[in-house]
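Asks: Listed below are the residues making up each chain.
Number of protein chains: 2
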Amino acid sequence: MTTASQPNSATFNLLCSHAREVALLRSTQSLLEWDERTKLPPAGGEYRAEQVSYLAGLIHRRQTEPIVGEYLHQLLEGPLATDRHSDTGAVIHNLKRDYDQKTKLPQSLVEELARTSVLGQQVWAQARKANDFSQFQPLLQRTIELKQQEAAALGFDDVPYDALLDQFEPGAKTAEVRQVLVELREQLVPLVAAIVDGGRRPNMDILRRHYPTATQEKFGLQVATAIGFDFNAGRLDVTHHPFCSTSGPCDVRLTTHYYEDFFPSALFSILHEAGHGLYEQGLRADQVGLPTGEAVSLGVHESQSRLWENLVGRSQAFWQHFYPQLQQSFGEALSDVPLEDFYFAINDVRPSLIRIEADEATYNLHIMVRFELEQALLMDELRVADLPGAWHEKYQQYLGVRSPTDADGVMQDVHWSAGLVGYFPTYTLGNIYASQLFERAEQELGDFATMFRRGDFRPLRDWLRIHVHEPGRRYAPSQLVQRVTGEGISHEPLMRHLRHKFGLLYGLV
Amino acid sequence: MTTASQPNSATFNLLCSHAREVALLRSTQSLLEWDERTKLPPAGGEYRAEQVSYLAGLIHRRQTEPIVGEYLHQLLEGPLATDRHSDTGAVIHNLKRDYDQKTKLPQSLVEELARTSVLGQQVWAQARKANDFSQFQPLLQRTIELKQQEAAALGFDDVPYDALLDQFEPGAKTAEVRQVLVELREQLVPLVAAIVDGGRRPNMDILRRHYPTATQEKFGLQVATAIGFDFNAGRLDVTHHPFCSTSGPCDVRLTTHYYEDFFPSALFSILHEAGHGLYEQGLRADQVGLPTGEAVSLGVHESQSRLWENLVGRSQAFWQHFYPQLQQSFGEALSDVPLEDFYFAINDVRPSLIRIEADEATYNLHIMVRFELEQALLMDELRVADLPGAWHEKYQQYLGVRSPTDADGVMQDVHWSAGLVGYFPTYTLGNIYASQLFERAEQELGDFATMFRRGDFRPLRDWLRIHVHEPGRRYAPSQLVQRVTGEGISHEPLMRHLRHKFGLLYGLV
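Line by line, the protein sequences give chains W and V.
Converting from the first sequence to this note's numbering requires adding 1424 to each position, the first position being numbered 1.
Converting from the second sequence to this note's numbering requires adding 1424 to each position, the first position being numbered 1.
Please note: incorrect hints may appear among the correct ones.
One copy or two, either will do: identical chains are not told apart, so a pair holds if it fits within one copy or between any two.
Said to hold, decoys possible - In silico DSBU-like pairs for lysine-lysine, Cα to Cα no more than 35 angstroms straight-line:
1) Lys1463 - Lys1526
2) Lys1597 - Lys1526
3) Lys1597 - Lys1925
4) Lys1818 - Lys1597
5) Lys1520 - Lys1597
6) Lys1925 - Lys1818
7) Lys1925 - Lys1642
8) Lys1642 - Lys1463
9) Lys1818 - Lys1553
10) Lys1597 - Lys1528
Simulated from the structure, these hints should not be mistaken for laboratory data.
Predicted model only: the values in this text are computed from it and were never measured.
Please model the entire structure based on the sequences and the hints provided.
Replies: See below:
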């Protein structure tokens, strides 16, 4: 260590201590939110909102303390920041990014965004229940205006959408993402059409027999453990909408919901959330509370959940391993069902109205609709009043379906009401990254089908841990993908996967 | 409102806002602790300790902010403080009390107390496991010295024990408590001896049959609901040591533990914790976060739990109502058991070694031992090295039993290792208050046995709500009892209850 770096290193330690203190508060807030969704007594909601909002204010005040700016100013010119992909450099540059994002927004805008988000969700819920878009329209209008102001305050090179997207997918550019998604769409639409036109259909009734909750839970725990989720440092609980939440480095919590008359829902949610959970459990323990110990983006997070849910969990090899156990667990429902019928049923492709119920292939078309519409709104190329019509048009165009209601149409998702604009494309980016990473991992590790058939998921999990989880935020998402796969973001591996899998299932090859 | 009171009222609002913010943090800390004991994954303990201790520091810093002292200084001379039992006066005087207690202790002492408490519990657990008091002795020695320093810093009129007792039972004086407890002991010892000498014994085997956990839980929820606990604003979970915890005004959480081969444990824990829970649920909603919306003392809290557990839950009339349902729920275990045998078995009086397993009558003798020994330690009238011997002597004298080990003797409780000196007498004060309040309530409301036999607990619960819960901290515990019963603290109602109940059961009348 040179003498010049001495003071720098002391400042770096102060910066890290500060970040770790904020992380203690953030993880506490995360527990409050997990508890709210899983355990909180019905009457406890109002005070819980006060606790969460007080903690959010505390966290924001600490994150924007001028001393952080001073530490960063001092460190950015110093040797610890030179390599932005080193442990120290990644901490400094990412904290700088976070600090700038937090301090660029005027306090009044932060507060109005928060208020509009809370109010927006309430109004959305009512409007959705009443199937009356006009009730929601003024709030959505205001939300779009505020997001335009937010984008302006954050700044952008090309389009305002860049600034919003960047909050969820650091470094991603609208133009690049659009290109990848359009290419994907152009190939997906004919694939889905071919599947529909082909006329083959799995027998879905076998999934709607009686599947007792307790057995589903036991099987879900077993599968999550098999793919490597550590229940010594995690839990599984029940909620309405499945999610994964982290309250500490050894405290990662999955949730799911059980339907006794529909098997896939709970299990694939568990696999999906366990994929998120494996990412969290794979972060470096020695970097807790620092950007080097944090997930890099929503897209990369989703890549992990989709990879385990779809590329692993809906693969034939996976069920060649697990199906005998499944049949044993649910003898009544499955004893007369051949593996092939089960495998086909859990891979049913069918254009539908609701995003969160969509299959692996059509899912991304639901995202395209939202991605294109929210950009148009932000650019004032589409009026909020015209949104329901535009929604129907795009659904007709990409999926060939039309929702009879706005409730199950333009108002089906909570995101826009909560001010989450620029969030949707990260779902498809997740699918795209997942296929890119999976393909690359298989090139390095050898045939996955062989491994999965014998229940060996360890090589894949370890590979993801080393290449995706442990880097934390040291590389931007696209850099990470480039580094690991040697290629930029590309729709091709995903399309190869979908064409191969559904080509076989639907007899298109 | 006079013009003079205007600034006072503004200051009062600032003081209340401050207290309410601290309450948001304290209730959050409470949730972290509840979660730690009920849900936290095994590996999550270390980080949880960091979260809790960070929050504790934050709370302490906020509680001791000089601005609070300034608000209080300004308000104490003003009209809002004149009546210390009014809503405003109670807030001001209690916050003054809390502020003084927090600020009187030098930071170095606070930190050493905290360290010694954590270390003490670890060393105690090991020493207890090894049944080796000498391992624990130096830590206990240091704890007593620190408690002496703490008492000196807090200040006291008569004896140092006053200062420590006052932290748990505000306003209680050692001399007064001692007098009541000695009178109780002098009457209890011969009563217990008479029961033992009488030779009657219930058949305890009937409680050790097979009681399935799920049925126990269902029955426990039903009973807690029947006595008025609101599960819309509360929960019941499983832990090792039952407790009641409050994370918000409408979020009161009970815990219990189930033994399939011993019925009373879970149910009476549920009744006990629900008694605590009813107190918390009975606090005034409009005073959340203020002393007027807080429980007044450990003793009064314990009076509520003991009242529902023992005076209600172990009464004959209670089981005249519930026993048919119980027999129906646990047909296999209880179909051949008459109510009288069941009632006798759950009221077995037997001198034993372990406090937390003791019955309604002998329990208070366990407390006497600890109350007398901890005073002697604090006054340097007993050396820590001589504590195990003194323990045996007193157990022989009051209960006629001698523990074969120190593990189940002087090291059976966690309290001293955690620095909780002055805490034990609140358990017996709870029993004493419970009987005083219960007797008074019955004078006002009419025969409880008649009500309980028809499952009507509402009049008692409402009476406690009005007279005990809703006052919050407006009166010191002894003032509260005086106000409600018209009498000072007295052992007589408790002795009347015990003599009557056990006189009938053991044929002493």
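Asks: Please go over all the hints and tell whether each is borne out by the structure.
Replies: Hints and how they fare:
no.: 1; hint: Lys1463 - Lys1526; verdict: both (31 angstroms within a copy, 33 angstroms between copies)
no.: 2; hint: Lys1597 - Lys1526; verdict: within (20 angstroms within a copy, 54 angstroms between copies)
no.: 3; hint: Lys1597 - Lys1925; verdict: within (31 angstroms within a copy, 80 angstroms between copies)
no.: 4; hint: Lys1818 - Lys1597; verdict: within (23 angstroms within a copy, 78 angstroms between copies)
no.: 5; hint: Lys1520 - Lys1597; verdict: within (20 angstroms within a copy, 57 angstroms between copies)
no.: 6; hint: Lys1925 - Lys1818; verdict: within (26 angstroms within a copy, 79 angstroms between copies)
no.: 7; hint: Lys1925 - Lys1642; verdict: within (29 angstroms within a copy, 49 angstroms between copies)
no.: 8; hint: Lys1642 - Lys1463; verdict: both (20 angstroms within a copy, 18 angstroms between copies)
no.: 9; hint: Lys1818 - Lys1553; verdict: within (23 angstroms within a copy, 70 angstroms between copies)
no.: 10; hint: Lys1597 - Lys1528; verdict: within (20 angstroms within a copy, 58 angstroms between copies)
The structure fails none of the hints (numbered hints given earlier).
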